[in-house]
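Peer 1: Sequence:
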Amino acid sequence: MRGKLTASMLAMVLTMPAFAQPAPPTATPLKLWRLDCGRIEENGARPWAWQRVPTPTPCYLVQNGDRYLLWDAGTSRRALGNAHPTIKLDRTVTDQLSQIRVRPEQIAFVGISHYHGDHTGQAAQFPKAKLLIGAGDLEALKRTPPPVGAAPPHIQPWLDGTAPVEALREDHDVFGDGRVTVLMTPGHTPGHSALLVKLARGPVILAGDLWFTHDDALRDTMPDFNTSRAETTASRQRIARMADKLDAVIILQHEPNDVAKLPAFPEAAQ
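Residue numbering for the sequence shown is -20 to -1, 1 to 250, as defined by mature numbering (1 follows the signal peptide of the UniProt record, and there is no 0).
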């Protein structure tokens, strides 16, 4: 696709079938797990239709050899029982990891798509991991008061300087082999990012909150609290073009139909 992508073109990319063309096998296959990290069951404070039905807040685990990346950290137990929004959490991240015999100290990296509390909730369970976060988001979290929707205590070990952090200003090759890349996609927040995972069965882009639903692509809509409409639009165009070029599957992390494109835990995509 060249030039500006129309809403219909974006929607076509977002709704393409999952894993159409497997990639050649590699010596060390990547694995990608979808973890259940909570859900928003109702949120009367926000008028969007997508939040009047259960909305998943997943996390993802990437294995590359003996190294692991946790992408996003879902909701926190501290948020359970809130009236607006109503948060549910059936199992913690660490509980699910124990089922596949992964210990918290084995997580080398925790990647955060953005600073909102439904993406950072359980990050502090992995204080030995290096935090990968957009520089704009890290700077915002250090302000007083913090941005609306942010929860600095969720990443306190890194804000305190007791845990390693890498503030990203450009795309970042996580494992150094070109197969897992944090993609800078500002707009929803100043340092929002997505994750490209080049599985053997085909590339996947975990899009964070770049879009909430497929209707966002069709109608070119976004929340009023996005920090930049222009940056959001540019980031959406960039990711849609990349997906088209790579024949990648884009997964909107709050869209139930997209979340289901990856196998249910404990099965992993490869």
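Heads up, a few of these hints could be off.
Said to hold, decoys possible - Here are the simulated lysine-lysine pairs, DSBU-like style, with alpha carbons at most 30 angstroms apart:
(1) Lys241 to Lys178
(2) Lys122 to Lys178
(3) Lys122 to Lys11
(4) Lys108 to Lys11
Honestly, the hints are just simulated from the structure, not real lab data.
Peer 1: Decide if the proposed pair is consistent with the structure: Lys122 and Lys11, CA atoms, cutoff 30 angstroms inclusive.
Peer 2: Not OK: Lys122 and Lys11 at ~34 angstroms, beyond 30 angstroms, violated.
Peer 1: Take the C-alpha atoms of Lys241 and Lys178, compute the straight-line distance between them, and say whether it is at most 30 angstroms.
Peer 2: With a Cα-Cα distance of about 15 angstroms, the restraint between Lys241 and Lys178 holds, given a limit of 30 angstroms.
Peer 1: Take a quick look at whether Lys108 and Lys11 sit within 30 angstroms of each other, Cα to Cα.
Peer 2: Measuring from Cα to Cα gives roughly 22 angstroms; hence the hint holds.
Peer 1: Just to be careful, I want the Cα atoms of Lys122 and Lys178 compared with a cutoff of 30 angstroms; is the pair within it?
Peer 2: Judged against 30 angstroms, a Cα distance of about 33 angstroms means the pair is violated.
Comparing the model with each earlier hint shows violations of hints 2, 3; every other hint is respected.
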